[in-house]
Amino acid sequence: MLTRRNFLKYSLAGAAGLAVPATIKASTGTAPAAGTATDKRWVFLVDSTKCVGCGMCVKACKNENEVPYDANVSRTWVERYVVTKDGKVHADSPKAARDGFTTQTIDQGHHGKEIIKPADISKAFFVPKLCNHCENPACVQVCPVGATYQTKEGVVLVDRTWCIGCGYCIMACPYGVRFFHPVYHTAEKCTFCVHRLHAGLKPACVEACPFGARQIGNRNDPNDPVTKTILNNKVQVLKEEYGTKPQVYYLGLSMEVK
Amino acid sequence: MVHGEIWTMKELFTYPNEYIYWSVQIVMYPFMTGLVAGAFVLSSLYHVFGIKELKDIARFALVFSFALLFAAPMPIMLHLQHPFRGINVMMTPHFTSAIAAFGIVFFTYGAIVASELWFLYRKHFVDKALALREKQDKSFVEQLWYLLYGTLTLGSYDVSDEALHRDEKAIKVLAGIGIPVACFLHGYAGFIFGSVKANALWMTPLMPVIFIMSAIVSGIALCMLTYIVVMEIRKFMMKRSRKTWQQSLEEVKGAEMHVVKMTAKYLVLFLVLAITLEFLDLIFRGYTAVKSWDVLRSVIYERDFYDIFIMQYGIGNLVPLLLFLVPGLTIRRTILGVLLVLFGVFMMRWNVVIGGQAFSLTFAGYMHYLLPIVPHDWETAKEGLVGAVGIFVMPFVLFWFIAKVFPVFGETNKAH
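Here the protein sequences come in this chain order: L and W. Just so you know, we're using the numbering used here here: the first sequence kicks off at 1 and counts up by one. Just so you know, we're using the numbering used here here: the second sequence kicks off at 1001 and counts up by one.
What the hints contain is simulated information worked out from the structure, not anything from laboratory work. Incorrect hints may have been included.
As the list claims (entries may be wrong) - List time: in silico BS3-like cross-link candidates among lysine-lysine, alpha-carbon distance up to 25 Å:
| no. | chain 1 | residue 1 | chain 2 | residue 2 |
| --- | --- | --- | --- | --- |
| 1 | W | Lys-1404 | L | Lys-239 |
| 2 | L | Lys-152 | L | Lys-245 |
| 3 | W | Lys-1291 | L | Lys-88 |
| 4 | W | Lys-1235 | W | Lys-1261 |
| 5 | W | Lys-1253 | W | Lys-1265 |
| 6 | L | Lys-245 | W | Lys-1197 |
| 7 | L | Lys-50 | L | Lys-152 |
| 8 | L | Lys-59 | L | Lys-152 |
| 9 | W | Lys-1404 | W | Lys-1197 |
| 10 | L | Lys-245 | W | Lys-1253 |
| 11 | W | Lys-1123 | W | Lys-1138 |
| 12 | W | Lys-1291 | L | Lys-239 |
| 13 | W | Lys-1055 | W | Lys-1138 |
| 14 | L | Lys-9 | L | Lys-50 |
| 15 | L | Lys-245 | L | Lys-202 |
| 16 | W | Lys-1197 | W | Lys-1052 |
| 17 | W | Lys-1291 | L | Lys-123 |
| 18 | W | Lys-1197 | W | Lys-1291 |
| 19 | W | Lys-1055 | W | Lys-1253 |
| 20 | W | Lys-1235 | W | Lys-1055 |
| 21 | L | Lys-85 | W | Lys-1253 |
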């Protein structure tokens, strides 16, 4: 017979049972992938003075990470900045620079193409962009279900099986690196090619860059060439004012970069 | 095609992954929760503060708030890329996220509204259940009603004066707790936007307060509108039927105008508060003129000028304010006024949500939102005009059903 005492007992047992999946999820959510060393902190170094805007990195990234080739989104991209003699800044990144910058016209979206005479140009340069794998990631903070998380190696990842597709992380990222994957319909972003790192390889974009503009390193290793460059040279990060502590360092970054 | 690409028009320099990801359903979400919170606050003004003039509309507002409550999470479901995973928010809430608390706040609030309704209608349920119990040869439908009312009494058949007095006390306590929870429910919807540091337009600590004020404005306006419509229908019915009614037509007319006038005063009060805060925010941004101000100014004063200053502040705020302040308020003028107020609050949500995505994170480009009117697939249906209108109609349909169980006028002998 269901007495009041038994009813309370069963209710409590039921409530405890409901809480179990939450605990399991919480304990697996932030755990590092199997077989990884946790003494690493991956950081990225971009030497923007070496970038020529060929777009090989974008191509390699799309192929490696199965982001549909023709979709107008990309985990990484290259921006072109053209500063004219009147001080105006003209910038674009057509198709995320997947095919490189093959014309001199600047893509202005629905404003069409802007033609700049070579004689008017005072300086021009390219800036590769990717997820900054921030020390204090705004995207991780705002995810309502904990589907996006930071590993002990500092890499920010998305769990495609758990993401509800609310887009809050996309809104929270000041760098615009996130988007909805056209096939999985979950939040998508650069992973530093963590699957390659764990296999002892370099990220696809680093591998594909013919000029060595992109490098990856372990900040916890003082002998790592990337760590040495970051410590010994004048480096900058993007949008420091947001307090996200980005971990993609730039050499030769100009003030015009957005 | 990438999500958002179909309704986003990009101009000048924007990042490749930028699109209007939060579309019309995210405009509907704070609009609907605002209506819920506002309707509840209106009903509580009577129950907690004993503002007698609002007695008639109070019960009505509470039932309507209940109907709205079911519609409030629907925009989110239509917005989510994986709606069936929405329950994950309850299973693994990640409490650093403002959205994570939604389930908890929403269900707490729902429980409060439901309990308050129960205490308010308990006697009604008991009366109905007892009447049906005694009736011989119940039809099948009557059997169902009996089952429903019997269940709704939750086995509590005590309707002595003492018990009813306790009910009233409980209602007062629940309404009292409900006000901060309703404000929290909506203030926290404002927090969802206000705390996004990447968005220059959204990030302000004033956002939750502005949201609460405009929520109360919209809630009162919708209650007034629905109240007037229901009263007009009643008057129409009274004129047509030959049955003798408890009240005369003139009495109903007088009572209606009295309620409307009193409620309108509170509407104006909260409207003035909302506008004041919004202008404070605008002036502060212009005066401090931080890095993002250049692009914000171009959006506010140039690109979205029509939506913000003509549609929202002009038609949505200034005109209804004048309509309510000019002496000799009539029912017709009130209807026009509350409709414009509702439109104004909707435009405010629109200008926050869509306006916040009108400029690029580069501060050097813009994005224009093209609302899908005619749907050609599921995405453009649910995140287009069709989906938005569907969400807006939903609470009225629900109210029609709910009011069958919770009659909002007259019938209960004990008027609270």
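*Of the hints given before, which are not true for this structure?*
Hints 1, 7, 8, 9, 10, 13, 14, 16 and 21 contradicted; others consistent.
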